[in-house]
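Visitor: Now for the letters of each chain:
Number of protein chains: 2
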Amino acid sequence: MAKEICTRAEDYSQWYNDLVYKAGLADQSAVRGCMVIKPHGYALWENMRDVLDKMFKETGHVNAYFPLFVPKSLFEAEEKNAEGFAKECAIVTHYRLKADPDRPGKLMADPEAKLEEELIVRPTSEAIIWNTYRDWIQSYRDLPILINQWANVVRWEMRTRPFLRTAEFLWQEGHTAHASKAEAIQEALQMHDVYTTFAEEYMAMPVIKGAKSENERFAGADDTFTIEAMMQDGKALQAGTSHYLGQNFAKAFNVKFLNTENKEEFVYATSWGVSTRLIGALVMTHSDDDGLILPPKLAPIQVVIIPIPKPSEAIDNIAQKMLSELKSKGIKVIYDRDEKNRPGFKFAEYELKGVPVRIGIGARDIENGVVEIARRDTKEKVSISVDQAVDHTMQLMEDIQKNLFQRAKELRERNTHIVDTWDEFVKILDEKPGFIYAHWDGTKETEKLIKEKTKATIRCIPLDAPEENGKCILTGNPSTKRVLFAKAY
Amino acid sequence: MAKEICTRAEDYSQWYNDLVYKAGLADQSAVRGCMVIKPHGYALWENMRDVLDKMFKETGHVNAYFPLFVPKSLFEAEEKNAEGFAKECAIVTHYRLKADPDRPGKLMADPEAKLEEELIVRPTSEAIIWNTYRDWIQSYRDLPILINQWANVVRWEMRTRPFLRTAEFLWQEGHTAHASKAEAIQEALQMHDVYTTFAEEYMAMPVIKGAKSENERFAGADDTFTIEAMMQDGKALQAGTSHYLGQNFAKAFNVKFLNTENKEEFVYATSWGVSTRLIGALVMTHSDDDGLILPPKLAPIQVVIIPIPKPSEAIDNIAQKMLSELKSKGIKVIYDRDEKNRPGFKFAEYELKGVPVRIGIGARDIENGVVEIARRDTKEKVSISVDQAVDHTMQLMEDIQKNLFQRAKELRERNTHIVDTWDEFVKILDEKPGFIYAHWDGTKETEKLIKEKTKATIRCIPLDAPEENGKCILTGNPSTKRVLFAKAY
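Chains P and W are the protein sequences, given in the same order.
Just so you know, the first sequence maps onto residues 0 to 488 in numbering that gives the first Met the number 0.
Just so you know, the second sequence maps onto residues 0 to 488 in numbering that gives the first Met the number 0.
Simulated from the structure, these hints should not be mistaken for laboratory data.
Heads up, some of the hints might be wrong.
One copy or any two copies: either way a pair holds, since identical chains are not told apart in the list.
Below are the EDC-like pairs computed for lysine to aspartate or glutamate, each with C-alpha atoms no more than 16 Å apart in a straight line [what the hints assert, rightly or not]:
1) Lys86 to Asp99
2) Lys331 to Glu45
3) Lys208 to Glu115
4) Lys401 to Glu200
Chain P with its partners taken away, still in its complex shape (with noise of 0.2 Å):
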């Protein structure tokens, strides 16, 4: 039979980890906090990559690569930006090895191959950005400029977990330049919708969107927009963020435009970004105890159809033209037709693998016309008439889109609560972690207050929140809308 995996109520985060390595999206590696992507978590991010690549160059972005190292010197030169991420940089210092004199065999970095400078790994790259930005940027006419780079970068985080937060990580990172503070942050809101779009459309995982508070920014943004989406166990998961810079990488970098009035002024900023963590929430938002479940407008492998219990003539025709059918309409279909498993170990692998429709084309079935179609969401199995195979496939595809957007939102209201007081705050907090609206004062020291004693965190000031006037949980100071606490990953 298929892999064992921990159940949700049994281990949470097991179950998490179990999904991850057994249905073979990442493994682990000799590099301490790095993971291995493999193929089939591979295959997944090459789809949200696609998607997301598309929706950015439809909104006027071009791709471009930077270096991965970033002198020491331009790390430094945004002050709130290297000191936010100075305590996880990998430090190049070293350009050569050299033969251990001491160990055969072995080799050691030469020490007369030391850098001048040292360099820093790229956590992010606004800094070595915004240095190259100074050379492009004269007058308004170059500006703006939109571009959007796909990377590898580099956090020395202590406690890792596969795709939510490895030392390595892909993600993509946008970084433009404008004329107006105005410009700049509908740009910042601009790309916070369309992570919105992806995320729900997509990955059919429901978000609440709104703005940083000042401890959760971004180091060296003047605010900071997000995605949070709630996960099974209740806990948030940050899913992307777009940053208005403001004119600090401007005033960093030295880069100056003059504007329409021939005046010189500091260009305004953005970044924003998202990585492979977007794969351990995608994981965390639907999967179940038999398996990854994943959106069909992601999954690498649509459809699998599977012959029981073992090819035959009369099979394979009516699976290969199914097949046919199914890709001419671009569905991502595979036969397995391989001999050596049987059906119920094929089952729980696709199982497993979160491939959202089977089509089992049984020996018996075929002789009254029939097939056998199962959804990965529900489990649900239909006996269907080979002729409307195809058609219900497709019908199936968009149910199981549209029901796992609905299911996780449904959870999400489930576990959301308007709280008033303190004690109701905490309680929540311990017996069925969620989201919390609640008032607060409005301070980095209330903030700071309730995270020590309750692990919770401000996920965001939603934007949406309405003016309400009340009273902090934790201080009983005045407030005028409620933001959004939960327990993040």
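Put chain W on the given structure of chain P with help from the hints.
Guide: Just chain W now, kept in the frame of chain P:
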């Protein structure tokens, strides 16, 4: 007018640099030897990547992603490979910065965050990948593994040139594992063919297929297959390599499998790669003194429509119609109706960027129902009726693609020499560099001597070289086939 570029006759090397920087392919960066790939250059890379990726997938490969860092002890394991790359490795020694007590506002590598084991920034990924494959392979049933990775790698080269040789570059690296020597060699040859097809059919760049001499082989390979192209200055450029690695990495990382006879055996390996170097090859193969010439199959912009002298309703109407017709045929076309620049400026700019076809719509011409279509490769212009413009453009795409290949092939033939004496060999290399087919006695020593005396290297032992008795040009010792000599990038 457009940006000035040096002519090839004046200074070939300067011409190349001018093209790369002024056509917007790349820019210099603050990091020694690392370039910024600008949007036009990156779009070209995306097109190359997409074609290659499709070819890899059609030959059964899947993508995955392995860590950027290789622990030193793994890096050392395959000794020849380690020795081959040791002198150009970037080495990470620390994982944290801290405030520098002596320099306020500055940071320094935190001495307390020194890694126990140094990490090598991958110059190539055999080590980290074969260390992982050990866990994935138990029996012949787990084979073959056919994985490719798109990634950045770092080789600390002393002399760098944009695209041709940079400290960091982007590439793909295939790493496959097989149950037999024959199958692995077959795989290496298959990918050698894939690269040949890509070079000739997409890049329009003819190549010579061959095997590397022992001296020039990939460090750790039993055999390296290469494709060698001739640049316009007669020098050779190695455009892609595919390696049969034997059991070298399997032995170094102890990767064994149970074969069909239930006996333990070391796994057979291949690796193969092409990089952003191909962009340099493309530039140097086709371009002229006015700028880039890009083959239609890879050009980021295939057709540009320009209003002459400026947009009008009548011109816009025709342009929009052509735009939508060409787009519907899958052509990447833009209509440049920017009124800030005059047509002459635009002509020069798109010539510089290498756009294969330009359609000029003139205010007076359209009264006669014609437009002017210019091809970038020959600079020929025709006046053609509006109705036929789209068909003509489609035909030009094919013609240009073919012509570029033909032209490059003719250049190569004009500069290829069959040489039997040392004097002639030296004379040709001095006076009119090109490809030289000459006899060689098969020894490392002779190869080395020839390189010292002439700077020419054995580019490859052509796969289709006929058996022919002869005498080594340097030593006079017997030889059975001619090999390909050239000076190389």
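Visitor: For every hint, state whether the structure bears it out.
Guide: Verification of the supplied hints:
1. Lys86 to Asp99: between (30 Å within a copy, 13 Å between copies)
2. Lys331 to Glu45: within (14 Å within a copy, 23 Å between copies)
3. Lys208 to Glu115: Result: close neither inside a copy nor across copies, 45 Å intra and 42 Å inter.
4. Lys401 to Glu200: within (9 Å within a copy, 43 Å between copies)
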